[in-house]
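Chemist: What follows is each chain in one-letter form.
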Amino acid sequence: MENERKLEEFQQKIDANIKIEPKDWMPEKYRQTLIRQISQHAHSEIIGMQPEGNWLTRAPSLRAKKILMAKIQDEAGHGLYLYCAAETLGVKREQFLQWLHEGKAKYSSVFNYPTLTWADMGAVGWLVDGAAIVNQVSLQGTSYGPYSRAMVKICMEESFHQRQGFEIMVQLAKGTEEQKQMAQDALNRWWWPSIMMFGPHDSESAHSNQSLKWKIKRESNDELRQRYINKTIEQGHHLGLTFPDPNLKFNEETKNYDYSPIDWDEFWNVVKGNGPGNKLRINHHIKAHEDGKWVREAAKAYSKKINLSKKIA
Amino acid sequence: MKDELIDYCLRLGDSSLILSHRIAEYCSKAPILEEDLAITNVGLDLLGQAENFLNYAAKLKGNTTADLLTFKRKEGDFRCLHLVQTPNTDFAFILARQFLMDCYHQILFSQLLNSKDETISGISKKAIKEVKYHLDRSIDWIKRLGLGTKESNERIQNAINDLWMYTDELFKDNSTDLSMDNNKIAPLSSSLKDEWSEMVVNTLKDSEIEVPEDIYYSLKYGKDGFHTEYLGYILAEMQHLPLLYPDASW
Numbered sequence: 001m002e003n004e005r006k007l008e009e010f011q012q013k014i015d016a017n018i019k020i021e022p023k024d025w026m027p028e029k030y031r032q033t034l035i036r037q038i039s040q041h042a043h044s045e046i047i048g049m050q051p052e053g054n055w056l057t058r059a060p061s062l063r064a065k066k067i068l069m070a071k072i073q074d075e076a077g078h079g080l081y082l083y084c085a086a087e088t089l090g091v092k093r094e095q096f097l098q099w100l101h102e103g104k105a106k107y108s109s110v111f112n113y114p115t116l117t118w119a120d121m122g123a124v125g126w127l128v129d130g131a132a133i134v135n136q137v138s139l140q141g142t143s144y145g146p147y148s149r150a151m152v153k154i155c156m157e158e159s160f161h162q163r164q165g166f167e168i169m170v171q172l173a174k175g176t177e178e179q180k181q182m183a184q185d186a187l188n189r190w191w192w193p194s195i196m197m198f199g200p201h202d203s204e205s206a207h208s209n210q211s212l213k214w215k216i217k218r219e220s221n222d223e224l225r226q227r228y229i230n231k232t233i234e235q236g237h238h239l240g241l242t243f244p245d246p247n248l249k250f251n252e253e254t255k256n257y258d259y260s261p262i263d264w265d266e267f268w269n270v271v272k273g274n275g276p277g278n279k280l281r282i283n284h285h286i287k288a289h290e291d292g293k294w295v296r297e298a299a300k301a302y303s304k305k306i307n308l309s310k311k312i313a
Numbered sequence: 001m002k003d004e005l006i007d008y009c010l011r012l013g014d015s016s017l018i019l020s021h022r023i024a025e026y027c028s029k030a031p032i033l034e035e036d037l038a039i040t041n042v043g044l045d046l047l048g049q050a051e052n053f054l055n056y057a058a059k060l061k062g063n064t065t066a067d068l069l070t071f072k073r074k075e076g077d078f079r080c081l082h083l084v085q086t087p088n089t090d091f092a093f094i095l096a097r098q099f100l101m102d103c104y105h106q107i108l109f110s111q112l113l114n115s116k117d118e119t120i121s122g123i124s125k126k127a128i129k130e131v132k133y134h135l136d137r138s139i140d141w142i143k144r145l146g147l148g149t150k151e152s153n154e155r156i157q158n159a160i161n162d163l164w165m166y167t168d169e170l171f172k173d174n175s176t177d178l179s180m181d182n183n184k185i186a187p188l189s190s191s192l193k194d195e196w197s198e199m200v201v202n203t204l205k206d207s208e209i210e211v212p213e214d215i216y217y218s219l220k221y222g223k224d225g226f227h228t229e230y231l232g233y234i235l236a237e238m239q240h241l242p243l244l245y246p247d248a249s250w
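Residue numbers (our numbering), protein chains in the order written: chain A, 1 to 313; chain B, 1 to 250.
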């Protein structure tokens with residue numbers, strides 16, 4: 001009875017758009033959904049540093065190198081805000097990392113694709129960050145306060161990332177024939193993975209309905225995907241590049257772009273760990289974490305010694 | 001004198017560029033996320049310093065740019081110090097290299113604030129603010145590692161021992177140093193040693209790290225265009241796109 005009343009009050013707060021804060025009562029399933037979603041988001045930021053870091057030492061101009069380095073640093077910062085937001089739900093960062101390493105927590109599957117040319121730095125910024133922004137702008141209105149506030153800050157920086165990516169694409173599309181081919185090849189490889197970032201169709205999405213009711217998610221996967229496609233097609237035409245989908249055309253009736261069926265076999269195969277980079281990304285993270293163990297132990301031991309000497313003094 | 005000034009700018013620019021490259025290699029490999037953020041910040045500052053000095057070198061040279069100097073120059077024309085070329089063996093090496101360079105930058109840029117060359121003093125004015133927090137960070141880590149655990153003490157000691165010989169170059173004067181000193185553009189490298197030693201030795205002693213003996217390491221150095229075997233690989237990676245697509249602009 002008590003729980004039912006609490007649940008009702010909780011839903012009333014959600015319906016009135018009052019943010020839920022860490023010390024407020026919340027249903028266990030709400031907490032668990034947020035723990036899963038925010039940590040998955042944090043892991044995506046951190047794992048996403050790898051495919052971009054892959055080109056940091058090979059960026060072809062000082063300006064490009066500086067911007068890419070600043071961008072990767074932002075990703076680390078986003079990961080940090082998000083781990084902090086997730087920690088307010090009662091789980092420590094070390095635990096999140098353990099779940100990631102054990103395969104119990106996921107990150108965005110898009111980062112399991114390789115970055116093969118410099119144009120991929122353009123395509124990742126333009127398409128992958130472009131898709132992420134659509135999702136994140138929507139999540140600024142999420143019902144959990146710390147997550148919502150992290151999103152506001154992240155969105156400001158992500159729009160700079162997308163511009164960085166688009167700028168590289170413009171430069172390549174206007175460059176030599178070889179550069180233009182490089183840009184087209186990157187668009188061909190990243191288009192479908194970026195569309196898959198929004199997850200399964202609404203009819204197949206396991207967590208969607210409850211998440212919408214609790215306003216953890218504000219819009220459905222398909223609504224967000226369609227918005228991303230509509231805005232990105234216009235940008236691609238501006239570049240003079242083509243999209244790898246023969247059925248992509250504007251539908252006068254719906255005022256949306258129609259597109260071909262998504263290859264869900266590929267999506268689930270990559271989610272299940274068989275993408276070209278799944279093992280590489282996780283092994284890289286595990287190795288960095290294990291290599292850093294002695295450093296973290298030293299920092300802890302030092303901090304203990306300092307605290308002890310302060311107490312004695 | 002102009003040639004020596006260009007050579008001096010290349011020394012400062014190339015050293016920051018290559019150190020920043022080593023930091024870029026370490027991207028996403030730090031022991032904690034906070035450190036990934038911090039070290040990338042340092043790398044970005046160094047890249048900015050490199051760009052400033054290389055822009056000035058390009059302007060003095062004429063008919064070139066900082067990008068051309070970075071991506072189309074041959075190894076023997078680089079003037080970076082050997083210390084910055086050393087590899088990222090582990091966090092202790094990365095940190096020890098950074099600490100030794102941060103101390104050097106702190107003392108050098110403080111002196112360069114008084115340079116008769118306004119561009120050099122201007123770049124140094126900006127750089128010294130950045131170096132101050134680089135140094136704060138690296139001193140904090142030297143203490144954590146030196147006084148942390150037995151393993152961390154051994155690792156940082158080992159890194160300091162191995163890197164120590166490369167510090168010899170920091171304080172050797174060549175003809176460029178003599179010219180810069182004569183023209184009141186920069187101090188003699190040798191004149192920086194006492195202050196540097198005091199700063200480094202005090203931090204190491206406070207951190208229970210032994211100070212190695214000085215080693216007379218080489219007759220020729222990076223500042224003379226004679227490099228370690230590491231630099232060729234760094235440049236092969238850094239320059240590969242502009243060299244592979246010579247007609248493209250990026």
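Keep in mind the hints are simulated off the structure, nothing from the lab.
Ideal Cβ placement from N, Cα and C applies to all residues, glycine included.
Among the hints, erroneous ones may be present.
[Claimed, not checked] Derived contacts from chain B toward chain A, CB cut-off under 7 Å, selection only:
1. 25
2. 26
3. 28
4. 36
5. 38
6. 44
7. 87
8. 136
9. 140
10. 149
11. 150
12. 244
[To be verified] Subject to a maximum C-alpha distance of 25 Å in a straight line, what follows is the list of computed DMTMM-like cross-link-like pairs (lysine to aspartate or glutamate):
13. A/293 / B/140
14. A/29 / A/74
15. B/205 / A/15
16. A/305 / B/181
17. B/220 / B/247
18. A/29 / A/15
19. B/143 / A/291
20. A/293 / B/181
Chemist: All hints, please: hold or fail.
Modeler: Going through the hints against the structure:
Given hint, residue 25 of chain B at the interface with chain A, holds; its Cβ is 6 Å from that chain's nearest Cβ, closer than 7 Å. Given hint, residue 26 of chain B at the interface with chain A, is violated; its Cβ is 9 Å from that chain's nearest Cβ, farther than 7 Å. This hint holds: residue 28 of chain B has a C-beta 4 Å from the nearest C-beta of chain A, less than the 7 Å allowed. With 7 Å as the threshold, the beta carbon of residue 36 of chain B comes within range of chain A, its nearest partner Cβ sitting at about 5 Å, so the hint holds.
Hint status for residue 38 of chain B relative to chain A: violated, with the closest Cβ pair at about 9 Å, above 7 Å. Look at residue 44 of chain B: its Cβ gets to within about 5 Å of chain A, closer than 7 Å, so that hint holds up. The interface hint given for residue 87 of chain B is violated, since its Cβ lies 13 Å from the closest Cβ of chain A, which is over the 7 Å cut-off. Using the Cβ-Cβ criterion of 7 Å, the hint placing residue 136 of chain B at the interface with chain A is not satisfied: the shortest such distance is roughly 16 Å.
Among the interface hints, the one on residue 140 of chain B is violated; its C-beta lies about 9 Å from the nearest C-beta in chain A, farther than the 7 Å criterion. For residue 149 of chain B, the shortest C-beta to C-beta distance to chain A is roughly 5 Å, which falls under 7 Å, so the interface hint holds. A hinted interface residue such as residue 150 of chain B counts as satisfied when its beta carbon comes closer than 7 Å to some beta carbon of chain A; here the least separation is about 9 Å, so the hint is violated. At about 9 Å, the closest approach between the beta carbon of residue 244 of chain B and any beta carbon in chain A exceeds 7 Å, and the interface hint on this residue is violated.
A distance of roughly 18 Å separates the Cα atoms of residue 293 of chain A and residue 140 of chain B; the hinted pair therefore holds under the 25 Å criterion. Simply put, residue 29 of chain A and residue 74 of chain A have alpha-carbon atoms about 31 Å apart, too far for the 25 Å limit, and the pair is violated. Restraint check for residue 205 of chain B and residue 15 of chain A: the C-alpha separation of about 62 Å exceeds 25 Å, so the hint is violated. Of the pairs offered as hints, the one joining residue 305 of chain A and residue 181 of chain B is violated, with about 46 Å between alpha carbons and a cut-off of 25 Å exceeded.
Distance restraint check for residue 220 of chain B and residue 247 of chain B: the Cα-Cα separation of roughly 36 Å exceeds the 25 Å cut-off, and the hinted pair is therefore not satisfied. Restraint check: the Cα-Cα separation between residue 29 of chain A and residue 15 of chain A comes to about 18 Å, which is no more than 25 Å; the hinted pair holds. Taken as a hint, the residue 143 of chain B and residue 291 of chain A pair is honoured in the structure, with Cα atoms around 19 Å apart against an allowance of 25 Å. This hinted pair does not check out: residue 293 of chain A and residue 181 of chain B have alpha carbons roughly 46 Å apart, beyond 25 Å.
Of the numbered hints listed earlier, those contradicted by the structure are 2, 5, 7, 8, 9, 11, 12, 14, 15, 16, 17, 20.
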